[in-house]
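**Q** So the sequences go chain by chain: A and B. Counting in the numbering used here, the first sequence runs from 168 upward without gaps. Counting in the numbering used here, the second sequence runs from 83 upward without gaps.
Fair warning: there could be bad hints in the mix.
Claimed, not checked - Straight-line alpha carbon distances no greater than 25 Å define the calculated PhoX-like cross-link-like pairs of lysine-lysine that follow:
| no. | chain 1 | residue 1 | chain 2 | residue 2 |
| --- | --- | --- | --- | --- |
| 1 | B | Lys-170 | A | Lys-239 |
| 2 | B | Lys-217 | B | Lys-190 |
| 3 | A | Lys-239 | A | Lys-371 |
| 4 | B | Lys-201 | B | Lys-217 |
| 5 | B | Lys-195 | A | Lys-239 |
| 6 | A | Lys-252 | B | Lys-201 |
| 7 | B | Lys-217 | B | Lys-195 |
| 8 | B | Lys-217 | A | Lys-252 |
Unchecked claim - Sample of chain B residues at the chain A side, in silico, Cβ under 8 Å:
| no. | residue |
| --- | --- |
| 9 | Phe-172 |
| 10 | Met-182 |
| 11 | Arg-235 |
| 12 | Leu-239 |
| 13 | Thr-242 |
| 14 | Asp-251 |
| 15 | Thr-253 |
| 16 | Leu-255 |
Because the hints were derived from the structure by calculation, they are not lab data. Each residue gets a CB set at the ideal place from its N, CA and C atoms; glycine is no exception.
Chain by chain, the residues:
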Amino acid sequence: MAAGVLTKGLCGFRQPRIVAAGYSCSGPLYATATAVKTLPLQTDSTAVTDEIQNLPLETPDFFRLSELFSLKDLFDARVHLGHKKGCRHRLMEPYLFGSRLGQDIIDLDQTMAHLQSALNFTAHIAYRGGIILFVSRRRQFSHVVESTAGDCGEYAHTRYWQGGLLTNAPIQYGPGVRLPDLIVFLSTLNNVFQQHVGVRDAAKMNIPTVGVVDSNCNPSLVTYPVPGNDDTPAAMELYCRLFKMTINRAKDKRRQMELLQGLSPAGLIHGSS
Amino acid sequence: MAALCKVVAGLRTGTCVFPKRAIDICKSLFSTDSGETSEGKAVEETQKPAADKVKSGFAAAYEQHTDLQQRQNQTGTTVRLGSTRNEKSFASLLRNSPLMQMGPAKDKMVIGKIFHIIKDDLYIDFGAKFHCVCKRPTVDGEKYQRGSRVRLRLEDLELTSRFLGANTDTTLLEADAFLLGLIESKDGKTKE
Chain A
168 MAAGVLTKGL
178 CGFRQPRIVA
188 AGYSCSGPLY
198 ATATAVKTLP
208 LQTDSTAVTD
218 EIQNLPLETP
228 DFFRLSELFS
238 LKDLFDARVH
248 LGHKKGCRHR
258 LMEPYLFGSR
268 LGQDIIDLDQ
278 TMAHLQSALN
288 FTAHIAYRGG
298 IILFVSRRRQ
308 FSHVVESTAG
318 DCGEYAHTRY
328 WQGGLLTNAP
338 IQYGPGVRLP
348 DLIVFLSTLN
358 NVFQQHVGVR
368 DAAKMNIPTV
378 GVVDSNCNPS
388 LVTYPVPGND
398 DTPAAMELYC
408 RLFKMTINRA
418 KDKRRQMELL
428 QGLSPAGLIH
438 GSS
Chain B
83 MAALCKVVAG
93 LRTGTCVFPK
103 RAIDICKSLF
113 STDSGETSEG
123 KAVEETQKPA
133 ADKVKSGFAA
143 AYEQHTDLQQ
153 RQNQTGTTVR
163 LGSTRNEKSF
173 ASLLRNSPLM
183 QMGPAKDKMV
193 IGKIFHIIKD
203 DLYIDFGAKF
213 HCVCKRPTVD
223 GEKYQRGSRV
233 RLRLEDLELT
243 SRFLGANTDT
253 TLLEADAFLL
263 GLIESKDGKT
273 KE
């Protein structure tokens, strides 16, 4: 690394006296083979890590998540059932199939596409060793969410959300706190049917969010909204199972890639990759 | 608005126009509906008992599923998992679902299952979005345990109301039903 920087400096300032044999100032950035040999392990490992990290980006569905769920599974878990017409949020209207005797029906074709992209994003974040936080303020499903987070080695927050949790973290929790890289909202509403504070705060802190939005939720601040039912236990268990399987699949894939490349699995335990 | 017009055109049910004649409309719907496949029509007709519209969310869907499977096995077509999954579109799944076939929820008989009990309150799930909460009846009170199947008469699928000065409805996140009695699973004959 140091040799590379030195080369760059040499090329920039053009001091012919210090030019040694083998140094070529043709490229402004990268060192030549001679410079690479001096620090072989470091550059090799970073190059391999970059390759491992960028490989999933080449295929649209690298983790084959479309085989985890089907339209029938979503339908049987009652994901398409929304609230009554009077509870509808105006911004959810594009995601609705229609309204049946006053009850909104969510369009599962759109939900399939949104769920696929949300799970794909979650898998990529998990693959790169990111911290994922599951948030839900539904007391009925608090245990399911917490056990899901535990099963996939990630984190959950299903209690009262303190105001400065994300925005005032260094002061509330000490300096150098690492914030989550992805927040998954299994219900974007709190107990008084207002939008969860975490949605707005995550947007403020540039943290991407995945959120299950029911027909009475506001989907605008959620990065990857998944229109679907968030009130039925069957639907919540389905989402939890899907997220758990996605994250485990992504982490297993990462471990496998690192073993193949012969590296130690260091970057998987929420490393700074 | 466009979404509302879309569902009226898409579902083409007579039930939402004439809610009180639900049973008659449903039967005429099955016979005259040209968009249905023959499988769907036959299954729907076998699914409905004569006069009393007893339906259960999961049980009805399970029956429909097994009927379809048997029919496919009889015709001898090779059934691959992918093709059976992708066969039905969301619109056709929705159209054939028990919730749509039921019509308005008022005074419909359904079968529910108790999934939680807190002293005298029974939390009963009958296949809709929400559960309902009923008081334990005085007759045969001890027989109502977690996992018991009960008969319900539905009032409303979701208890919502618009209060003065509010932008949206306030919802109780519960359905409303009247508990009729247990289903005697041992004999299978009389329904109390």
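**Q** Are the hints correct? Go through all of them and say.
**A** Each hint tested on the structure:
1. Lys-170/B <-> Lys-239/A: Holds, because 8 Å separates the two Cα atoms, which is no more than 25 Å.
2. Lys-217/B <-> Lys-190/B: Cα-Cα ~19 Å, so holds.
3. Lys-239/A <-> Lys-371/A: Between Lys-239/A and Lys-371/A the Cα gap is close to 37 Å, so the pair fails against 25 Å, i.e. violated.
4. Lys-201/B <-> Lys-217/B: Since the Cα atoms of Lys-201/B and Lys-217/B sit roughly 9 Å apart, the hinted pair holds (cutoff 25 Å).
5. Lys-195/B <-> Lys-239/A: holds (22 Å)
6. Lys-252/A <-> Lys-201/B: violated (34 Å)
7. Lys-217/B <-> Lys-195/B: The given pair, whose Cα atoms are some 14 Å apart, holds under the 25 Å limit.
8. Lys-217/B <-> Lys-252/A: Measuring from Cα to Cα gives roughly 29 Å; hence the hint is violated.
9. Phe-172: At about 4 Å, which falls below the 8 Å cut-off, the nearest Cβ of chain A leaves the hint on Phe-172/B intact, so it holds.
10. Met-182: Holds, because the Cβ-Cβ distance from Met-182/B to chain A comes to roughly 7 Å (cut-off 8 Å).
11. Arg-235: Because about 17 Å separates Arg-235/B from the closest Cβ in chain A, which is outside the 8 Å limit, the hint is violated.
12. Leu-239: holds (6 Å)
13. Thr-242: Cβ of Thr-242/B sits 5 Å from chain A, so the hint holds.
14. Asp-251: This hint holds: Asp-251/B lies near chain A, its Cβ roughly 3 Å from the closest one there, short of 8 Å.
15. Thr-253: holds (5 Å)
16. Leu-255: Result: holds, 6 Å to nearest chain A Cβ.
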